[in-house]
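Enquirer: Could you put the whole structure together from the sequences, leaning on the hints where they help?
Chains S and F, in that order, give the protein sequences.
Here numbering that gives the first Met the number 0 is used: position 135 in the first sequence is 134, and no number is missing along the way.
Here numbering that gives the first Met the number 0 is used: position 79 in the second sequence is 78, and no number is missing along the way.
The reader is advised that the hints may include incorrect statements.
[Stated by the list, open to error] Cβ-Cβ distance ranges computed for the label pairs, FRET-style:
| id | chain 1 | residue 1 | chain 2 | residue 2 | range |
| --- | --- | --- | --- | --- | --- |
| 1 | F | Asp96 | S | His25 | 34 to 44 Å |
| 2 | F | Phe206 | S | Arg56 | 26 to 36 Å |
| 3 | S | Arg89 | F | Asp195 | 24 to 34 Å |
| 4 | F | Ala103 | S | Thr152 | 44 to 54 Å |
| 5 | F | Pro170 | S | Gly125 | 39 to 49 Å |
| 6 | F | Lys33 | S | Thr152 | 22 to 32 Å |
It should be emphasised that the hints constitute simulated quantities derived from the structure, not laboratory data.
Ideal Cβ placement from N, Cα and C applies to all residues, glycine included.
Protein chains: 2
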Amino acid sequence: MTNPTSAMIVIGDEILSGRTRDSNMHHLAQELTKVGIDLKEVRMVSDDPHAIEGAVRALSAAYTHVFTSGGIGPTHDDITADCVARAFGRAIAVRDDARAILQAHYDRMGTELNEARLRMARIPEGAKLIDNPVSAAPGFIIENVHVMAGVPTVFETMVASVLPTLVGGKPLLSQSLRVFRGEGDIAGPLGELATDFPDLSIGSYPFQKDGVYGAQIVIRGQDGTQVDAAMTRLCAVFGE
Amino acid sequence: MTNPTSAMIVIGDEILSGRTRDSNMHHLAQELTKVGIDLKEVRMVSDDPHAIEGAVRALSAAYTHVFTSGGIGPTHDDITADCVARAFGRAIAVRDDARAILQAHYDRMGTELNEARLRMARIPEGAKLIDNPVSAAPGFIIENVHVMAGVPTVFETMVASVLPTLVGGKPLLSQSLRVFRGEGDIAGPLGELATDFPDLSIGSYPFQKDGVYGAQIVIRGQDGTQVDAAMTRLCAVFGE
Numbered sequence: 000m001t002n003p004t005s006a007m008i009v010i011g012d013e014i015l016s017g018r019t020r021d022s023n024m025h026h027l028a029q030e031l032t033k034v035g036i037d038l039k040e041v042r043m044v045s046d047d048p049h050a051i052e053g054a055v056r057a058l059s060a061a062y063t064h065v066f067t068s069g070g071i072g073p074t075h076d077d078i079t080a081d082c083v084a085r086a087f088g089r090a091i092a093v094r095d096d097a098r099a100i101l102q103a104h105y106d107r108m109g110t111e112l113n114e115a116r117l118r119m120a121r122i123p124e125g126a127k128l129i130d131n132p133v134s135a136a137p138g139f140i141i142e143n144v145h146v147m148a149g150v151p152t153v154f155e156t157m158v159a160s161v162l163p164t165l166v167g168g169k170p171l172l173s174q175s176l177r178v179f180r181g182e183g184d185i186a187g188p189l190g191e192l193a194t195d196f197p198d199l200s201i202g203s204y205p206f207q208k209d210g211v212y213g214a215q216i217v218i219r220g221q222d223g224t225q226v227d228a229a230m231t232r233l234c235a236v237f238g239e
Numbered sequence: 000m001t002n003p004t005s006a007m008i009v010i011g012d013e014i015l016s017g018r019t020r021d022s023n024m025h026h027l028a029q030e031l032t033k034v035g036i037d038l039k040e041v042r043m044v045s046d047d048p049h050a051i052e053g054a055v056r057a058l059s060a061a062y063t064h065v066f067t068s069g070g071i072g073p074t075h076d077d078i079t080a081d082c083v084a085r086a087f088g089r090a091i092a093v094r095d096d097a098r099a100i101l102q103a104h105y106d107r108m109g110t111e112l113n114e115a116r117l118r119m120a121r122i123p124e125g126a127k128l129i130d131n132p133v134s135a136a137p138g139f140i141i142e143n144v145h146v147m148a149g150v151p152t153v154f155e156t157m158v159a160s161v162l163p164t165l166v167g168g169k170p171l172l173s174q175s176l177r178v179f180r181g182e183g184d185i186a187g188p189l190g191e192l193a194t195d196f197p198d199l200s201i202g203s204y205p206f207q208k209d210g211v212y213g214a215q216i217v218i219r220g221q222d223g224t225q226v227d228a229a230m231t232r233l234c235a236v237f238g239e
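Expert: Next comes the structure, spelled out in structure tokens:
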């Protein structure tokens, strides 16, 4: 059985200009790995309608699930909802259930639900809302695309509420071994191991710190018995 | 004058599985902003030949410069050089100048230049080498694609040697103001400001920390006089 595939779109000029360091990609990658959904591709695009629409269309067609991060707030540069609606040829307007969620939230806070805040109730036709217990403004799901906030605390909460609703695959198991030799010495035996275990992914990640160098060898796969067997052989070759 | 555009490809299963948190994208984004080259798109792809080739072809055709990170080491999972060669229909083989660089490096270290290490001297036909003062194995430039290492220290050194050779644009200037109000209150005036200064990019980045909330408003543009004028108006509206 192969795992469901997925892709992510990180939206925002602030990421591409280097002003903000994205953390949502790394968080989602870890969470997807736990539930056995393979993250195959990530695209980071600017606040540009064509870039966002193009990425949504391309990735939605290519993968089982797509997750987006960013651009669903109340300000003029928050254009993700409109772009996603356009990518699927759907109308978009303020929706009553989303408005009610915002109204209740701002009533509680004694804040006015003004025109700008109401933008966050604009939801593409036929979309399903994603709960936002942090700051109320919902994300939404349309076709296979999950549209979520860019603020990390909100993004992470939305991921937590979305992932249990998706059918995962077998979680990827991994084992690793630190080998204190240069990658050039490891490469030969490692290549043979990779050939003998074609269902496993075997990676070598060099490190160099405080005068010590070597590589972290990581063996990943869905079949625990195979991962064990490969690790046993790896230890026989490189273990002390 | 518009700035040169660019894209980045981050290559590696370890990034997409969440095992490793990429830092090269954020570093490159900051460096490109300094020299006035706009980073328009980033793609993170797995160690899959089709994914790498496809991204190289698509981004090379769409942007002035492309930068890649990862997959040029000595182990079996380092397939970037081959994929880039294939993307451009070029032959790839061990090249004498690259071999000489490695030979000198390993001689100095008293290490054998074995078959695995020699893989790092495989360079696509017609490519120009990128110097690697950290660990010798060179990157390379083919057409408009700069192929660099994934290890952050090496990547950063390669970026430092490559960027001065590229024609940059006007560096993006930015000024920012922290406003301690909800984005929903800021959105209206901010949208008007964005309309009145169409050449500037005006972003709003909400924060919420230790019970205090608000948004960081960032005004970016190439024309310092315009950035100043917009910031003066912003302060008149939101400054204390």
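Enquirer: State, for the Cβ atoms of F/Phe206 and S/Arg56, whether the hinted interval 26 to 36 Å holds or is violated.
Expert: 32 Å, holds
Enquirer: With 22 to 32 Å as the target window, see if F/Lys33 and S/Thr152 comply at their CB atoms.
Expert: 30 Å, holds
Enquirer: Taking 24 to 34 Å as the stated bounds, is the beta-carbon spacing between S/Arg89 and F/Asp195 within them?
Expert: With a Cβ separation near 32 Å, S/Arg89 and F/Asp195 satisfy 24 to 34 Å, so the hint holds.
Enquirer: Using the beta carbons of F/Ala103 and S/Thr152, state whether their distance is inside 44 to 54 Å or not.
Expert: 51 Å, holds
Enquirer: Tell me if the beta carbons of F/Asp96 and S/His25 are separated by a distance inside 34 to 44 Å.
Expert: 38 Å, holds
Enquirer: Just to be sure I understand the hint, the distance between the Cβ atoms of F/Pro170 and S/Gly125 should be within 39 to 49 Å; is that true here?
Expert: Given range 39 to 49 Å: holds, Cβ gap about 44 Å.
Of the numbered hints stated above, none is contradicted by the structure.
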